[in-house]
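**Q** Chain by chain, the residues run as shown.
There are 2 protein chains.
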Amino acid sequence: MLGYMNDEALRRTIAEKEAFYWSRSRSCLWHKGESSGLVQEVIEMRIDDDQDAVWLRVRVAGSGASCHVGYRSCFYRSVELGDLNANPTPLNFNETNRVFDPKDVYGDAPNPTRL
Amino acid sequence: MLGYMNDEALRRTIAEKEAFYWSRSRSCLWHKGESSGLVQEVIEMRIDDDQDAVWLRVRVAGSGASCHVGYRSCFYRSVELGDLNANPTPLNFNETNRVFDPKDVYGDAPNPTRL
Numbered sequence: 002m003l004g005y006m007n008d009e010a011l012r013r014t015i016a017e018k019e020a021f022y023w024s025r026s027r028s029c030l031w032h033k034g035e036s037s038g039l040v041q042e043v044i045e046m047r048i049d050d051d052q053d054a055v056w057l058r059v060r061v062a063g064s065g066a067s068c069h070v071g072y073r074s075c076f077y078r079s080v081e082l083g084d085l086n087a088n089p090t091p092l093n094f095n096e097t098n099r100v101f102d103p104k105d106v107y108g109d110a111p112n113p114t115r116l
Numbered sequence: 002m003l004g005y006m007n008d009e010a011l012r013r014t015i016a017e018k019e020a021f022y023w024s025r026s027r028s029c030l031w032h033k034g035e036s037s038g039l040v041q042e043v044i045e046m047r048i049d050d051d052q053d054a055v056w057l058r059v060r061v062a063g064s065g066a067s068c069h070v071g072y073r074s075c076f077y078r079s080v081e082l083g084d085l086n087a088n089p090t091p092l093n094f095n096e097t098n099r100v101f102d103p104k105d106v107y108g109d110a111p112n113p114t115r116l
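Keeping their order, the protein sequence lines are chains L and S.
For this note's numbering, add 1 to where a residue sits in the first sequence, where the first one is 1.
For this note's numbering, add 1 to where a residue sits in the second sequence, where the first one is 1.
Among the hints, erroneous ones may be present.
Heads up, the list lumps identical chains together, so a pair's fine if it works in one copy or across two of them.
[Unchecked claim] Mimicking DMTMM-like on lysine to aspartate or glutamate, the simulated pairs with C-alpha atoms at most 20 Å apart in a straight line are: (1) 104 / 51; (2) 18 / 84; (3) 18 / 81; (4) 18 / 49; (5) 104 / 50; (6) 18 / 35; (7) 104 / 45; (8) 104 / 9; (9) 18 / 105; (10) 18 / 53; (11) 104 / 81; (12) 104 / 8; (13) 104 / 35; (14) 18 / 51; (15) 18 / 8; (16) 18 / 42.
Just so you know, these hints were derived from the structure itself, not from any lab.
Please model the entire structure based on the sequences and the hints provided.
**A** Next up, the structure:
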């Protein structure tokens, strides 16, 4: 997944070794897994040359999924390369099965992501 | 590395199977490797659930490095977790040797990244 952190999210992630983000859609600190139980334990945090991006290696609790639509990874599809004429651009499913049903995990909570 | 794409960068990356980005510091389309020769051949492009982020698996020409300061990865350091009292926060080098000398590759061209 790709997420955003503010200062507090970064500090708490370093201190508590669990991933915190800044939710841009909800404008609040977001402890990943607080509603789903899919907490991300941070095993390693890498930082880039100009220190404005971090890369996390995590161990996810429960089903091990990080994507709120039910897949293990948010990047569950790939883009077919080489052909721009197809409309829409073909996407292939690299994960064919969801790990969980979002209804079971989130109930009727509004989904902040517009799909 | 983490980079940004605009519509043209995304289209050209899909069509040409080489990574293009939008350079925010230079405000121009950026064909990665155009000055360094370190072109990124795109092997796979994944896209996330709400389709605002892509993840590229690439084969890099030449020395195989993607970071303009000379390391293979921009994420060549890790952050020590668990302790917020240290100032500055300790960083460990996961890559100890640069793959190339930026002076040899970029000469005296101004470095757009403030380190």
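**Q** Now tell me if each hint is right for this structure.
**A** Hint check:
no., hint, verdict
1, 104 / 51, "between (40 Å within a copy, 18 Å between copies)"
2, 18 / 84, "between (42 Å within a copy, 10 Å between copies)"
3, 18 / 81, "between (36 Å within a copy, 10 Å between copies)"
4, 18 / 49, "within (19 Å within a copy, 25 Å between copies)"
5, 104 / 50, "between (40 Å within a copy, 17 Å between copies)"
6, 18 / 35, "within (14 Å within a copy, 39 Å between copies)"
7, 104 / 45, "neither (31 Å within a copy, 31 Å between copies)"
8, 104 / 9, "neither (30 Å within a copy, 37 Å between copies)"
9, 18 / 105, "neither (27 Å within a copy, 39 Å between copies)"
10, 18 / 53, "within (19 Å within a copy, 27 Å between copies)"
11, 104 / 81, "neither (30 Å within a copy, 37 Å between copies)"
12, 104 / 8, "neither (32 Å within a copy, 34 Å between copies)"
13, 104 / 35, "within (16 Å within a copy, 47 Å between copies)"
14, 18 / 51, "neither (22 Å within a copy, 27 Å between copies)"
15, 18 / 8, "within (15 Å within a copy, 36 Å between copies)"
16, 18 / 42, "within (6 Å within a copy, 35 Å between copies)"
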